[in-house]
Every structure is written in C-alpha cells, then in structure tokens.
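So the sequence lines, in the order shown, correspond to chains A and B. Per UniProt numbering, the very first residue in the first sequence carries number 1; after that it's consecutive. Per UniProt numbering, the very first residue in the second sequence carries number 1; after that it's consecutive.
Just so you know, the hints here were simulated from the structure itself, not pulled from any lab data. Treat each hint with caution, since some may be false.
[Unchecked claim] Subject to a maximum C-alpha distance of 20 Å in a straight line, what follows is the list of computed SDA-like cross-link-like pairs (lysine to any residue):
{"id": "1", "chain 1": "B", "residue 1": "K150", "chain 2": "A", "residue 2": "L17"}
{"id": "2", "chain 1": "B", "residue 1": "K150", "chain 2": "A", "residue 2": "L13"}
{"id": "3", "chain 1": "A", "residue 1": "K661", "chain 2": "B", "residue 2": "L113"}
{"id": "4", "chain 1": "A", "residue 1": "K14", "chain 2": "B", "residue 2": "K150"}
{"id": "5", "chain 1": "B", "residue 1": "K150", "chain 2": "A", "residue 2": "R11"}
{"id": "6", "chain 1": "B", "residue 1": "K150", "chain 2": "A", "residue 2": "H678"}
{"id": "7", "chain 1": "A", "residue 1": "K14", "chain 2": "B", "residue 2": "K51"}
{"id": "8", "chain 1": "A", "residue 1": "K14", "chain 2": "A", "residue 2": "L317"}
{"id": "9", "chain 1": "B", "residue 1": "K51", "chain 2": "A", "residue 2": "R382"}
{"id": "10", "chain 1": "A", "residue 1": "K14", "chain 2": "B", "residue 2": "Q151"}
{"id": "11", "chain 1": "A", "residue 1": "K661", "chain 2": "B", "residue 2": "S111"}
{"id": "12", "chain 1": "B", "residue 1": "K150", "chain 2": "A", "residue 2": "R15"}
{"id": "13", "chain 1": "A", "residue 1": "K14", "chain 2": "B", "residue 2": "D185"}
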Amino acid sequence: MSSVNWRLAGRSLKRDLRAADVRALFVALVLAVAAATMIAFFLDRLERGLERQAGQMLGGDLVLEQRDPFDDALRATLEQAGFVLSDQVDLVSMISQGERFQPTSLKAVDDVYPHYGVNRVDRGEGVEEISSGPPAGQAWADPRLAELLGLTLGERVQVGQTELAVTGIIEREADQSAGFGNFNPRLMINTADLDATGLVQPGSRIEFELLAAGSAQALEQVQPLLSRLREQGVEVRDVRVDRPQLGNALARAESYLSLAGLVAVLLAGVAVAMSTKRYVERHLDTAALLRCFGASQYQLVTIFGLQLLGLALAASLIGALLGLAGQALLLWLLVQFIPLPLPLPGFMPLGLGVLTALAVLVGFAGPTLLRIQQVSALKVLRRELDPLPPAGWLVVGTASAVFGALLWLYSGSVSLALGLLLGGAVVLGVLWVASGLLLGGVLALVARLSGATPWSQALRLGGRQLARRRQAGRGQLLAFSVTFFAMAMIVLVRGDLLTTWQSQLPDDTPNYFAINIQPSEREAFEAAIAPSVTTQSALYPMVRGRLVEIDGQAPREAVPESARGDGALRRELNLTWQAVLPEGNEIVAGQWFAAPRPAQGFMQEVEATPETDSPVPISVEAGLAERLGLTLGDSLAFSVGGDRIDTRITSLRSLDWDTFKPNFFVIFPPESLERFSHSYITAFYLPESEQGLIRQLVRDFPGVSLLNVEAILGQVRDVLGQVTRAVELILALVLLAGISVLYAALTASRPVRAHESGLLRVFGAGNRMISRVQGAEYALLGLASGLMGAALAELASAALYLYWLDLTPRPHVALWLVLPLGGALLVGVIGHMLSYSLRRQAPAASLGLLGEA
Amino acid sequence: MPQTPGVPHASPVLLAEKLSKAVRSGERSLTILKDLSLSVAQGESVAILGKSGAGKSTLLGLLAGLDTPSDGELSLFGHPLSRLDEDGRAALRAGRVGFVFQNFQLLPTLSALENVLLPLELSPRAGESQTARDWLERVGLGERIDHLPKQLSGGEQQRVAIARAFVADPELVFADEPTGNLDPDTGAQVIDLLFTLNREAGTTLILVTHDHALARRCDRCLRLAAGQLNAFDPAVEGGGDE
C-alpha cells in the first residue's frame with residue numbers, strides 16, 4: 001500500500017507544480033529556508049571572524065600569563081589538544097645608548113610570533129608588513145623610544161649585559177594587547193637573546209606569556225585545565241570571553257539579523273498557511289474520489305502529506321543553495337573584515353534550513369492539511385459537501401507552537417521566545433477585532449462615495465465586493481497588515497540602528513589617548529594640542545594602585561575561584577577621582593558620592609590628608625564587581641604608593657566601553673587621592689592632516705605616552721559598515737517573503753474573484769470596468785492593511801527599542817503615510833496583475849472555474 | 001404489484017431494510033427516504049428512476065456506503081455497514097465496487113492510464129498496469145492512454161471512467177446518470193459499452209437515471225418517489241424522462 005501512496009503523491013506533485021497555489025507554497029518555503037540558512041551561515045562566520053580578530057588583538061586564541069616560566073607538562077597538554085604555542089616574555093628594564101638611559105618595556109618574542117596578523121615595521125625602506133619579530137641579535141624600537149634615545153636604524157643599544165642592533169621602528173604591533181598600563185616605550189627583541197641580557201633573574205618582575213593558537217574545539221577541550229590554572233593564579237585570556245572593543249554594536253547587529261531572519265520565516269509561514277488552504281480546497285474532490293475507491297483517512301493524509309513533504313525537501317534544497325550563494329555574497333562583502341581564509345561552511349546551517357522548512361510546513365500547513373482526511377466520499381455525488389475548515393484556534397495554536405520553537409532555536413532564549421509568542425498571541429486577538437472595525441470603517445466610507453466618475457463607481461463596486469467576503473477579507477487584511485508591519489519594522493529598526501551606530505562613533509571619535517601627563521605638564525599639554533584637536537575628552541587624574549584586601553581577606557582568597565588569575569588582582573589598577581559621574585556612566589546600584597561639604601572650603605589647604613579612620617566611599621564598575629563577586633558595602637583595601645587606603649563600595653556603575661573615551665574600573669571621591677603622585681589621561685581626535693603634531697608632542701613631552709587607536713577604531717567602523725550591507729541583503733529577503741504572502745493570498749482568493757468578474761461581465765461590465773473594480777478592491781484592502789500595519793509598527797518598535805535593542809523610542813510620522821499609500825499601491829498593482837488572466841477568460845469559463853477540481 | 005420490490009435471492013450483494021434518511025434544514029427536519037427496502041442479487045442490473053430532487057443521489061450514496069442512514073439496516077457483500085466506520089466502509093469498497101459518475105470525476109492531473117490505474121492501486125492488485133492498458137483498449141482508447149482528461153472529449157472521458165469502474169473486477173458497479181453530461185449519440189455509445197462490459201464481466205449494476213430508455217435495458221426498474229422505492233415497468237408506463 002505504501003508504494004501506492006508514494007506513486008500517487010509523486011505523480012500529482014509533478015503535475016501540481018503548475019498550479020499557482022503549489023508554486024506559492026514552494027516559493028514561500030524556498031524563501032524561509034534561504035533566509036534561515038543565510039543568516040545561520042552569516043552569524044556562524046561573523047562569530048568566527050570576530051574570534052579571529054579578537055585572537056589577533058590578544059596575540060592568540062588563548063593567552064596564559066604568570067610570573068614564572070611555564071612547565072613542559074602544560075606545553076605538552078596544550079600541544080596535544082591541537083594548539084600551536086608561542087612564548088613571550090615581558091619585563092621593564094633600563095636601556096641605554098651612549099649617555100642616554102630610558103626605562104623601557106621589553107617584549108621578547110620567539111620565532112613563531114605572531115600567531116595572527118603582521119607587524120608594521122620601518123626597516124629603512126618605508127613601513128613594511130612583517131609576519132615575524134626581530135631575528136636574534138636585533139631589536140625593534142617604537143618611535144617614542146627612538147625619539148627619547150635619539151636612535152637611528154643600525155645603531156646598537158645596551159640591553160642588560162648585551163648589545164643589540166636596532167634594525168626597525170615599529171609603527172604597529174601585530175597584537176595590540178599592550179593596554180594603557182604600558183607607560184614605557186617599547187623595545188621588541190628575540191627570546192634567543194634573553195639569556196645573554198642576564199635580565200631574567202629570580203625575583204625580578206617578569207611576565208611569562210604562553211600564546212596559543214588553535215580551534216574552538218581545542219579551546220573547548222582545555223576548559224577544565226584553564227579553570228585549574230585560574231585557581232592557581234595564572235591569568236587566562238580566552239578569545240571567546242575576552243573579546244575587545246566591538247561589544248554592543250555587534251551584539252545589536254546580531255539581534256537584528258536574527259530578528260530579520262525570523263520575520264522572513266514568519267512571513268513565509270503565513271504564505272504557506274494561505275497557499276495550503278487553496279491547495280487543500282483544490283484537492284478535496286480528488287480526496288473524495290480516492291475515498292470512494294476505498295482509500296482510508298490515513299492513506300489520504302499520507303498521500304497529500306508525502307506530496308507536501310516532497311515539495312518541502314525540494315524547496316529546502318533550492319533554499320539552501322540560495323542561502324549558500326547568499327552567504328558567499330556576504331563573505332565577499334566581509335572579505336576585508338576576515339583577514340584569514342575560513343574553513344568551508346559547515347553542515348549545521350544546512351540542517352537548520354531543512355529543519356526550518358519542515359517546521360514551517362508542519363506548523364503552518366498541518367491543521368489545514370488534516371482537513372483533507374475529513375472529506376466525505378459523498379462529495380463525489382454532492383459537490384457542496386466540503387468538510388469544515390479547521391478551527392481557527394487550532395491553526396493559530398499549531399503555527400504559534402512551531403514558530404515559538406523556531407524562536408527558541410534561533411534566539412537560544414526560552415524567555416525571549418515565550419515573551420514574543422505570548423505577546424504575539426495577545427496582539428493577534430486584538431488585531432482580529434481591530435481588523436473588523438477598520439475594514440468596516442473603510443467600507444462605510446467608500447459606500448458614501450458619490451459621483452458617477454468611473455473611479456468612484458469602481459471604488460463603490462470594489463468596496464462592495466470586499467464587503468461581501470468580509471471574513472476572508474478580514475483574514476487577508478490581517479495577513480497583509482502583519483506583512484507590512486514586519487517590513488516596516490525591519491526598515492525602521494535598521495534606520496535607527498544605523499543612526500545610533502553612526503552617532504556612537506562619529507567622525508571625530510577620539511583616535512589618540514595621551515597617558516602619563518604629569519600635573520606640571522597638564523596645562524602646557526592642553527595648550528599644545530588645542531589648536532589642532534577638534535574634540536577632547538576631560539582630563540582624568542590617574543593614580544596607580546593595587547588591590548590588597550577584600551573584606552579583610554587576601555584578594556585571591558576572597559574572589560570566586562574562576563577569578564583568581566584576573567588581571568585586576570595581578571596588576572596595578574588605574575584609579576581616578578571625580579566629583580561628578582563621568583559621561584557615559586550610569587549608576588546601577590547604590591548612590592554616587594554626596595557633594596563635598598561647603599564648610600571644608602577654606603580648610604582644604606590645611607587638611608591635605610583626609611581622615612583615615614572611616615573608609616573612603618568608592619564606585620566600582622559593575623562588570624568587574626560581578627567578576628570578583630563584589631557587592632555594595634564590601635570593603636576593599638588598596639595599596640597606593642606604599643600607603644594603604646581602606647574603602648567601601650557605595651555604588652556600582654555600568655559604562656559604555658564602546659565610546660573610545662577613558663573609562664575607569666574604580667572611581668574615588670575628590671580629595672581622597674590627590675596626595676599621591678598622579679598623572680592625567682585624556683583622549684582626543686587628531687585629524688589626518690595634523691599628524692605632525694605627534695612628533696612634536698613626543699619631543700616636547702617625552703614622558704607622555706601616546707596611544708593611537710585609529711586602527712582599532714577603523715576596524716570597528718569597517719565591521720559596522722559591512723554588517724550594514726549584510727543587513728540590507730537580509731532585508732531584501734524579508735521583502736521577498738512579504739511579496740510571497742501577497743501572492744499566496746491572492747492565489748487563494750482567485751477562484752471566488754474569477755466568479756465575480758464572470759458575473760459582472762455577464763451583466764454587461766466591460767474589460768476596463770472590471771479591471772478598475774478589481775484594482776479598487778485590492779487597493780482598498782491594501783490601504784486598510786497599511787493603516788493597521790503602521791499602527792502595529794509604531795507600537796512594536798517602541799517596545800522593541802525599550803526592551804531589546806536598548807534605544808530610545810521615537811515616533812515615525814512618515815510611516816503613517818508610506819504604509820497605507822504604499823500598501824494600496826502594492827496590493828492594488830500586484831492583485832491587478834494576478835487577475836489579468838481572469839479578465840481575459842470568457843465569462844463561461846470564469847463561472848465554471850468555481851466548480852473545477 | 002408487490003410492496004417490497006426486492007427479489008429474494010440466496011445471497012444478495014446488497015440488502016437494504018427500512019432505510020430512512022432525514023436531513024436538518026434549518027429548524028425543520030426533512031425526510032428524503034422513508035422505510036425503504038431493497039435487495040439486489042448478484043449479476044443483476046437494477047435501474048433506479050426518479051425525478052430531480054427525489055433523492056436518487058442520496059439513495060446511491062447510502063447504498064454505496066458513502067453516507068450513513070438515519071435509520072434502518074444496510075449490508076454490502078454480507079457486511080452490515082452500520083457496524084463499520086468510514087474507513088471500514090472505504091476498505092469494503094476497495095477493489096469490489098466501481099463507480100461511473102455523471103460528471104466523470106477523472107483526476108485532472110492524471111493521464112487516462114493513471115486514472116484507470118487508481119482503483120487498482122488502492123486494491124490488493126496494485127501495479128498491474130497491463131490490466132489498465134487492456135481495459136483502455138476495450139473502451140477504444142488504446143491510443144490515448146497518455147492523454148490528460150482535458151485533452152479528451154466528454155464521451156472519451158466517460159469511457160475512461162467506465163474502464164476505471166471495471167478495471168479492478170468489481171462485484172458491484174454504481175452508475176450515477178452516466179449519460180447526463182453527454183449528447184444523445186455519444187450517450188448511446190457509452191451506454192452500449194457499459195452494458196456490454198457489465199454483461200461480459202457478470203457484474204452487478206445499480207444505475208441511477210431519469211432516462212426511461214436507459215432504464216429499460218436493466219433487468220429490473222424501480223422508481224423513487226416520496227422516499228419510497230416501487231417496482232416500475234418503463235415499457236408499460238411509457239418512454240421519456242422522469
């Protein structure tokens with residue numbers, strides 16, 4: 001028996017491909033799969049691209065750092081897991097040339113260095129990209145060191161007990177992990193020369209780093225080892241966790257892409273539901289006949305189920321191929337962003353695509369398809385005996401459940417999926433009522449149209465036709481308004497995202513950080529940069545301090561085991577004091593410092609040392625607090641310049657790390673740190689044309705460290721630009737999915753419309769008249785749908801901004817014009833075009849069409 | 001004139017006792033068939049005549065097990081239909097009952113051959129495509145087996161339907177106004193074919209029609225009026241249509 005089902009299913013599928021509803025179904029499924037696979041591919045690659053980039057900044061996918069050399073057992077374990085290892089040693093030492101001495105940050109690299117990226121070095125023939133460090137016997141200096149020591153290429157410098165030839169000036173290091181703690185100028189040497197320098201002695205302050213490059217699987221495999229290392233106090237930087245800089249903007253872009261992909265899938269689902277309805281209606285006669293010849297209900301469902309399954313699989317294949325092509329296009333767009341060749345696309349996104357097609361089919365077509373098994377064999381004798389359509393709640397319920405599961409699958413969040421789903425259900429109920437009222441209102445308005453012009457006549461007749469099919473019209477109105485709403489959402493959110501991104505990183509975003517400005521240099525420095533610089537952040541005082549106690553315990557004992565190797569415990573922290581909350585910071589718990597008491601005014605000079613009995617209130621960055629397990633009221637002790645300061649956390653701050661402005665983990669109130677030696681930090685934007693200033697600053701303020709973040713900034717801008725293009729590509733898919741809904745809806749109502757136009761023609765209406773009436777009917781439907789879509793989009797975008805995208809909502813006036821008019825035009829034109837063949841039919845054929853199988 | 005038109009036979013193919021069918025029409029209940037009894041013997045051909053709206057199609061639907069009576073008992077091939085559900089009744093029909101409809105009821109997406117194969121495939125004899133070809137030969141369409149229904153004339157379509165009705169060697173064939181959609185000449189050819197094949201195959205035939213001339217060719221004629229079946233002789237009561 002089962003082979004019969006296959007044969008019957010196969011045969012009718014082959015011939016059915018010519019039917020409009022099957023084509024609509026097919027196109028909708030293809031679009032759903034294409035959107036799903038393309039986005040899955042894209043996010044997969046974006047993820048990998050980001051990791052690659054983060055790996056480059058860190059110097060490897062995994063970086064371990066400690067005070068002692070790493071043992072061989074650890075190296076062997078890592079190598080077994082598939083990592084390639086590279087050794088690096090960092091220390092500060094005095095470098096000399098002739099009579100000049102300079103404390104310098106030495107970085108010794110081996111021959112594997114760098115794992116990713118290239119050094120930009122001037123070896124006398126302009127800046128070159130070199131994928132290695134200096135060879136043994138040579139050293140590369142940064143421009144600041146060269147300036148301070150008056151070095152020229154080829155000259156030798158004294159490093160500990162040995163001499164090395166300076167053969168290159170480093171413009172940019174492959175790994176940018178140096179950070180702001182790096183006050184001293186840089187000299188890069190080869191690890192082979194390290195022994196000869198005699199600088200590596202027990203007790204000297206040396207950081208040994210093990211940089212490992214490897215796959216995500218390798219990283220996964222060594223996680224238990226990493227937790228143990230953290231507990232032992234080794235600083236562990238994992239590329240997946242310590243991803244720098246790109247933060248919020250990309251997280252938003254990913255949210256947005258997932259949202260857009262799901263909208264495309266939802267729209268395709270609506271189209272599938274509509275075309276299935278027509279498909280089932282068209283096949284009821286066949287089903288009745290099969291029933292007559294002895295087919296069981298189960299057999300009917302199997303035959304038609306198999307047919308749709310075949311359709312879904314074919315659609316998955318084509319959709320997945322389109323998705324693959326789409327991701328190739330995306331890859332082409334992203335080629336600058338991903339500097340290294342990536343592995344071939346995996347099978348996971350493909351599987352996801354097929355799963356999506358099947359889920360959409362089952363969820364959106366399932367209940368309607370079951371109607372076919374209800375068909376009575378008696379229908380062969382009495383045509384009017386159609387089975388009842390499935391209950392509305394069943395169709396909506398099944399579709400919601402399946403869509404909810406897809407939401408969960410794609411977003412990875414149950415609460416988000418449930419929230420969207422429940423919200424959607426409530427909205428749908430409200431919409432059903434609203435669509436009835438709206439349709440009634442529009443029709444009442446049209447009915448009052450007077451005038452004998454052909455167009456007002458067409459509008460009246462079209463309105464009446466719409467009114468006759470009130471229920472069906474209501475359903476279509478709902479579908480169209482949801483489509484318009486979704487399309488509007490995508491455009492709205494996209495526009496606002498772009499605006500936000502652009503305002504977040506305006507052209508004059510600071511591209512230089514100046515660190516270590518001494519209080520005595522402060523005014524001179526500001527005066528020096530003022531003529532050339534357009535924007536400058538405030539000058540923040542900065543004091544270096546070490547966290548020595550948490551709630552009376554040694555920090556390593558007090559923090560969670562996983563945080564024992566945290567950089568905040570191992571290094572000196574940059575502390576600042578501020579009277580007011582810095583821009584871009586937000587208090588998330590506790591209170592900002594109270595204003596200083598005015599009575600202190602004239603006593604300030606006298607009371608240079610504040611009371612030390614009561615702990616100083618401090619404000620801690622929320623992320624650091626979470627990592628170290630700190631809460632409000634915890635007491636921390638800092639060691640600053642040999643003194644101990646007892647503090648208590650009185651507030652936690654969240655801050656936006658994306659802003660490229662100086663940010664601080666710990667902020668003290670004014671008058672608590674001034675007595676310690678401090679320097680200032682600031683950030684400013686130096687236009688390309690004013691780059692000469694840098695040389696002047698290096699010369700006039702040799703102590704000041706200038707950090708160029710142009711490269712990082714440029715990378716962030718690149719990523720945003722490319723993600724934007726990717727988003728546009730996805731938007732095109734969503735628009736196509738919307739049009740497929742239109743097509744499916746019009747296909748579903750085609751026979752009834754054919755009957756009506758046949759009747760009109762019998763009663764003497766001409767071609768032009770019928771054409772106008774049809775156009776008017778569709779346009780009215782489009783107008784009403786557009787109005788409702790606009791209302792929905794306005795409400796939903798406000799909610800989305802507040803709760804998901806973290807943006808401030810604003811009204812969209814243009815929406816209320818574009819959607820209703822655009823809707824009328826789009827539905828009007830497409831509907832009119834689809835009815836073209838109907839208008840060419842002889843009335844007899846049109847009238848007979850209703851009864852055809 | 002006997003009150004019960006059923007001719008008693010040893011093992012009737014079809015036996016209906018006190019069948020009633022009422023349908024609800026709004027508030028009112030409308031009785032279409034009332035206490036109707038019928039027995040059809042194997043190999044017999046029975047014509048059921050009646051005016052439009054007399055309930056002929058309703059009766060045919062009941063007799064073929066496509067519908068259920070409001071009251072009364074009906075058994076097909078000795079199986080009481082009241083004990084079977086819709087699927088059970090369908091299984092009983094599979095391969096044993098053939099149909100010829102007024103509007104042909106060919107599947108538009110299947111070729112002539114595939115349409116004829118359909119009942120075979122739903123019976124235990126799936127896959128015997130040569131049988132289907134033979135039957136199409138016998139109805140004179142051997143050259144047109146690959147044509148779709150819309151490429152065939154009305155008469156040709158009905159001949160495909162007749163081949164389809166007989167292909168699975170059914171014990172019983174129901175014909176519902178088989179010439180209703182055909183012109184008189186074509187209709188006559190189709191009817192000749194139907195009766196010839198029926199005679200050759202020894203099949204039981206139940207034919208619903210309003211055409212007296214057609215009814216006369218059956219072994220027995222019954223008239224449906226006021227929800228009851230009565231024996232009727234078209235030769236005596238004159239030709240013409242109901």
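Check your understanding: Which numbered hints turn out to be false for this structure?
Key -> Failing hints, ascending: 3, 6, 7, 11 and 13.
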